Amino acid sequence: MTSWQRFLDTFFNWPVIQQYLPAIGKGFLVTCEIAILVVVCGIALGLTLAVIRAYRIRPVNALIIVFVDMLRALPPLVLILMLYFGLPNIGVDFTGFTTVWLVLTLVLAAFAEEIFWAGMLAVDPGQWSAARSTGLSHSQTLIWVILPQAVRMTIPPLTNRTIAITKNTALGMVVGVGEILNEATTAQAFSGNASPLTAGAVAYLLLFVPVVYLGRRIEKRFAWKKA
Amino acid sequence: MDQLLEQFFNIDLMIQAWPIIWRGLGMTLLLCLAVIPLGLAGGLLVALASLSRRRWLRWTTAVYVDFFRAIPPLVLLIFIHSGLPFAGIRMDPFTAVCLSFLLNNSAYYGEIYRAGIESIGAGQTMAARSTGLTPLQTMVHVVLPQAVRNVLPDLLSNTVEVVKLTSLASVVALPELLYAADMARSVTYNASPIVMAAGIYLLLLWPVIRLLSRYEHRLGS
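Protein chains in written order, with the working numbering: chain A, 1 to 227; chain B, 1001 to 1221.
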């Protein structure tokens, strides 16, 4: 066997890949499921926190800032292990799936809050005064005048951050979530061949290359304009 | 409440776990000293390649960057650590982490440098060239210093992410901070050592994050 053949046999062994394709396909669906839940819940929570922060209630804002800072400073894997292994002992039994979803949602919410908040600050303060002087209430100004402009500015940084955090679904492997990486490493162990890992990597590429590409397009279209 | 304190903030266990966690912290810092300069240097090369006049080089770099932005770092690390040995390429966990981080981080740092270099007007390059500087001298002495200053917050923010990412090394049994804490956790059946590790990450990174968020808000207002 030439070394090229051996290389193909090790990393692109079609019979092996075919055998484990159903498992990796199942992992693909689980990864998609967590990813979608994280993106929707994380961005919604982040936007909610940013809106609450705009009311500038001191104690509430202090809490939001502490929450955001902590989740920006802590590695997600540390949080996942802490909750997954710590909570059962105080009677809260989260599955690996729930733990990963919860941690990544909170992390994305923290980053999204910071990005939305920076966007809201970037809107000219004169807009607040102008909107208020036409008789709109504080909340109406926020919803109809400030947010539409702020959100538009935040789209490029938010897209990049969302992609980076969503990729962390692979951490689910560590706490036994049956996502792509977990299925691929299990298959690799059973088959004694690295091809399932290649298939797993391809599955991630299938999922994220379109998103990264879309992110680039969006970045060009909504390029951050300093207000 | 007592149970919660006992399970997450058990001071006695934390004191017991301290020596192993201290060693883990040393390994984490060592890892940072290796992967941050590697990433910064690799990223610079990626940025220069992505701005090259040669079309094929630009294209290859674009594919490289998108590839490593799409692959989760843990997938890359596992592939290098447990996939490559099948092809006879074996490396210790430290090298495997360094290699996977170099590939992943150079793509991210590269995009940041590129944005910085693109923020410097072409007139600067022409002016520098017309004074007789070579293209390399122009890049090193004129463009890069300004480019780096423009994207310093982004470089810093990415570096925070790199430090956080070193916790992935625990998955391939490199005895860094999280691995040490998780060892202590599995021996004591108590999450306090991990809480302690979390506290150390906070201590290391919180000041940087405060700095960054001040900077971001100043930009906004």
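None of these hints come from the bench; they were simulated from the model. Hints may contain errors.
[Said to hold, decoys possible] From the derived model, a few chain A residues whose C-beta atoms are all more than 10 Å from chain B:
(1) F11
(2) P15
(3) I36
(4) V60
(5) G86
(6) I90
(7) G126
(8) W128
(9) W144
(10) R152
(11) F190
(12) T198
(13) L205
(14) L207
[Unchecked claim] Sample of chain B residues at the chain A side, in silico, Cβ under 8 Å:
(15) T1060
(16) L1074
(17) I1209
Note that the structure is a prediction, hence the values are computed from the model and not measured. The beta carbon of each residue, even a glycine, is placed where N, CA and C say it ideally should be.
key: Structure-inconsistent hints, enumerated in ascending order   = 1, 5, 6, 12, 13, 14, 15
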